[in-house]
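J.: Put together the whole structure using the sequences plus the hints.
Residue numbers (my numbering), protein chains in the order written: chain A, 1415 to 1989; chain B, 1415 to 1989.
Just so you know, not all the hints are guaranteed correct.
To spell it out: a stretch of chain B is covered by chain A in this simulated footprint if at least three of its residues, at any positions, have a beta carbon under 8 Å from a beta carbon of chain A; those stretches are [stated by the list, open to error]: (1) 1550-1559; (2) 1586-1596; (3) 1646-1658; (4) 1807-1813; (5) 1852-1863; (6) 1890-1896; (7) 1957-1969.
Honestly, the hints are just simulated from the structure, not real lab data.
We put the beta carbon where it would ideally sit given N, CA and C, even for glycine.
2 protein chains.
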Amino acid sequence: MAANGKTRLQQYIPVFDWGRSYDRDALTNDLVAAVIVTIMLIPQSLAYALLAGLPAQMGIYASIVPIILYAIFGTSRALAVGPVAVVSLMTAAAIGNIASPGSPEYIVAALTLAFLSGVFLLLLGVFRLGFLANFLSHPVIAGFITASGIIIAVSQLKHILGVEASGHNLLEIVTSILTHLGETNWITLIIGVFAIGFLFWVRKGLKPVLLKAGLGERMATIVAKSGPVAVVFVTTLVTWAFGLAGLGVQVVGEVPQGLPPLTLPSFSMDLWGDLIGAAILLSVIGFVESVSVAQTLAAKRRQRINPDQELIGLGAANLGAAFTGGYPVTGGFARSVVNFDAGAETPAAGAYTAVGLAIAALVLTPLVFFLPKATLAATIIVAVLSLVDFSIIGKAWTYSKADFAAVCATIAITLGMGVELGVTAGVVISIVIHLYRTSRPHMAIVGRVPGTEHFRNVRRHDVITSEKILTVRVDESLYFANAHFLEDKIYDMVAQNPNVEHVILMCPAVNDIDMSALESLEAINERLKATNVKFHLTEIKGPVMDRLKCSDFLSHLTGKVFLSQHLAVKELSSQ
Amino acid sequence: MAANGKTRLQQYIPVFDWGRSYDRDALTNDLVAAVIVTIMLIPQSLAYALLAGLPAQMGIYASIVPIILYAIFGTSRALAVGPVAVVSLMTAAAIGNIASPGSPEYIVAALTLAFLSGVFLLLLGVFRLGFLANFLSHPVIAGFITASGIIIAVSQLKHILGVEASGHNLLEIVTSILTHLGETNWITLIIGVFAIGFLFWVRKGLKPVLLKAGLGERMATIVAKSGPVAVVFVTTLVTWAFGLAGLGVQVVGEVPQGLPPLTLPSFSMDLWGDLIGAAILLSVIGFVESVSVAQTLAAKRRQRINPDQELIGLGAANLGAAFTGGYPVTGGFARSVVNFDAGAETPAAGAYTAVGLAIAALVLTPLVFFLPKATLAATIIVAVLSLVDFSIIGKAWTYSKADFAAVCATIAITLGMGVELGVTAGVVISIVIHLYRTSRPHMAIVGRVPGTEHFRNVRRHDVITSEKILTVRVDESLYFANAHFLEDKIYDMVAQNPNVEHVILMCPAVNDIDMSALESLEAINERLKATNVKFHLTEIKGPVMDRLKCSDFLSHLTGKVFLSQHLAVKELSSQ
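T.: Set out below in structure tokens:
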């Protein structure tokens, strides 16, 4: 538990670990990173709150206390915690069924969702159950993120067009937008299209310009990342100067000035029952996204993160969000990369970012009154389109049809039936495919390669076999799902070789034999015995052999257990 | 498809296969077996109908047409299809929530359950999905059957006591019986206890007596198996002669005389929705029980059964039950063994049994008017207690704690929360345990055993290692559930060996690398590259290597793929 010379306290509350060696250099680096991330986070936080159907300030609140709590309990040095696109979408999907967006019940549901998510993550962390997230396979996650990105981008089109629309899956959203298409506000559309165009240009075109202008590589990258701030500034100014809000351009409007309020989630069991499933899904997705970002960044500096401790960090962050007017949060990709690139050295950078955002919440909120929602929507669209990546489909097709099926099903179900069903279906399908594969293992009759002690598949190689000895190699651990398959195959093979006197099961790739498989081996032994055929095992691994010795199988075995296949054939042939 | 020289017709309708070579000898053997099985089945069929909460005659009907259809479509030569204890209990549990036992709605629900079960089994068979039943592990089945046996035996106590009682789990049934204990009918209790005692004695004590009296082994076994008929005869006679029905002894009463009626299941979608889950569970349980009996018997004569064709046989039998006044059926253990022991050679024996039962339904039903329900309950209790076998718990404890957990959970949930939840929980738990196991595979750092080319675990053996080369052997196929674990472990190991220049992953037990694992390998490669460590693979299996060649992983790999670990270390050491 207390590995690498860390005390238990340092392990569970990592701030006591890195905090001891905090110095002036680290402070400077962290402060610089914090300023940059703060500037970037202001429009992003407002935008994601909008995506979740919540008042804009909740996006800011969700970035302040959670980021501090993560700094205390988390293990990544560069992760920036706060609202992210996919989790915001899942929040909207989960609470959209319970209350209408923006209503007081909706806000309480968002707080409660953060609370349940926090409790669930903490429990997973305390019981060291972080490995559960591994059941989300890479293709399923990639498919899910791509499909979510599409849904998010399409759902934001209503803000670009300035129309009302709703829906939780692609078809509903598209239909809703199409029926309202006639109500398009042309000024809003111009602002939106300009913002999208500018942001796309900033991402690709601005950096080369800055580099030519003589900025350093790192500085150019950071300035290019703050493109959203420029768009926010320009469109807000234009909207204010020309009175566009009076011409039907939707603006953010009044955002209360002040520090995050103290809030309480609901403790109604009914509401918990409605939200718990969504809270679990959203926590797992958020955790997977966060851990993969954290691992990527940690590896670049040869640092390590501890996934179970990450659960505690994220759990604390979500509880913080629940009690300070936020909504579910996790470690975001874009903000973390900026934080890392800007030179953040310790989690303290996150704390300074929180201070920056707190100042913004106190002072700057009146300035966003005239910020058009179309600008925020443009920010979201450009951000999430970078998540959309269909190349996974082609890769999966080439490499593995099973993974291809999983990724296609995940994308199709997420787009067609919503995010919650999509990710659940993805997990279930990949488990089913895995079980199906291992339930019909590769089995081959083998013979000796002339002049060697090697045994190979009779169908692929020119090998020496004996009519009396049938050797079957099975290339999989034996467990309940393939135990019957093994029996059937062996009976089939024996039925096709009526002169056989010895059946050898060669087990170099058997890493485990569970009780069902043991009973199948016993059944095989008994049935072969009834027909005067002896049953032998070869090349059983040490741990598997230890297990078999705990049962009475070996005492009933009609044949022997040989250390190697070669020894077995030598002895049995000479009889 | 048309293996072993069989035509497609012979494969799908096996009667065309064995029917061609049917001769006088086979006819004689089959007829003898049919007479014996018929005598045994009459009380058993009545008893199981009672257990399912259905009118007694439905037990007989469920044995007639289904047995004929199985004879046409099934592949087992000795399997006897009809009502069985566990499926009857599951029928009662499934339709007990929908209607009150014995009501017309209850009967229609039973027919519908048989119909849905038949359709489901046929679909599984046509699409060759019989392997799905393999996900019921041996310990889960054993635990489930034991727990079901207890529930059935306890539920029958009400008939022995002559009281009213109901409930679907152990607690409900026991509570219900206890509250009605004061209403015990003493004459019923005497009959019941006598019947139970006599039947137990018959099972163990009668055969030696018969053998001493000079009967042959086979004949003695068969006579001993017909003990239930004697009890039925004696108790019916006593009840009639002394007018016990007037003294409160519950009797079977009027059973309509006649052949099975034509009936229709319900086609109400609401009812289908209520029953479909139960139909699936019951079909799978029935199929597993039936196939294991059929396989055991077939093996004794070196015959083979085809599990997918068995699904079609059982599906047809259940459809037959649905349209001729029956209820869900499957291949029963007791009746099949009797059939086999009595010398049945072909499925025609089943057809003759059906004729025998049809005659019984036409002629003998008035004779069972005075048959006490306590006698039938005694028959059931004695039959199911042979299913109860707690030794599986001890075996599982010794052999594998994971299997132990699965069997205990199955028994506890079946007893405490009913059969449907019990079996579902058992399946889910065994899959979860399997996934958990394979999600944290055994991994070892290995070194060369001095003087050999073998590489072994550094912790277990005295081996030669190099500070620059770290070799990790992983003992499991790599897939999404363990991909992150692999990454974490390797990073941990590299972090603990800072002077490493080469990391070798040794894969002799890796039977598959799925796309998630491939991405993890790519991630490992990239991260090691970032720290100037080369990543190599050794002893990759042929099929796995074929797959890797479909990806661009090998072109990015910083190191090499070596055929053997020895070659790898030789080359890397010499650099």
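J.: Examine the region 1957-1969 of chain B: at least three residues should have C-beta closer than 8 Å to a C-beta of chain A.
T.: Coverage by chain A holds for the region 1957-1969 of chain B (4 residues, Cβ < 8 Å).
J.: Counting residues of the region 1852-1863 of chain B with a beta carbon closer than 8 Å to any beta carbon of chain A, are there 3 or more?
T.: holds (count 5)
J.: Go check the region 1807-1813 of chain B versus chain A for me, would you? Three or more residues, Cβ under 8 Å, otherwise it fails.
T.: holds (count 4)
J.: Taking a Cβ-Cβ distance under 8 Å as contact, does the region 1550-1559 of chain B have three or more residues in contact with chain A?
T.: holds (count 5)
J.: Closer than 8 Å, Cβ to Cβ, for at least three residues: run that test on the region 1890-1896 of chain B against chain A and report holds or violated.
T.: holds (count 6)
J.: When I compare C-beta atoms, does the region 1586-1596 of chain B have three or more residues closer than 8 Å to chain A?
T.: violated (count 0)
J.: With a cut-off of 8 Å between beta carbons, are at least three residues of the region 1646-1658 of chain B near chain A?
T.: Our answer is that it is violated, as 0 residues pass the Cβ test (under 8 Å) against chain A, missing three.
Violation of the numbered hints given earlier is confined to hints 2 and 3; the remaining hints are satisfied by the structure.
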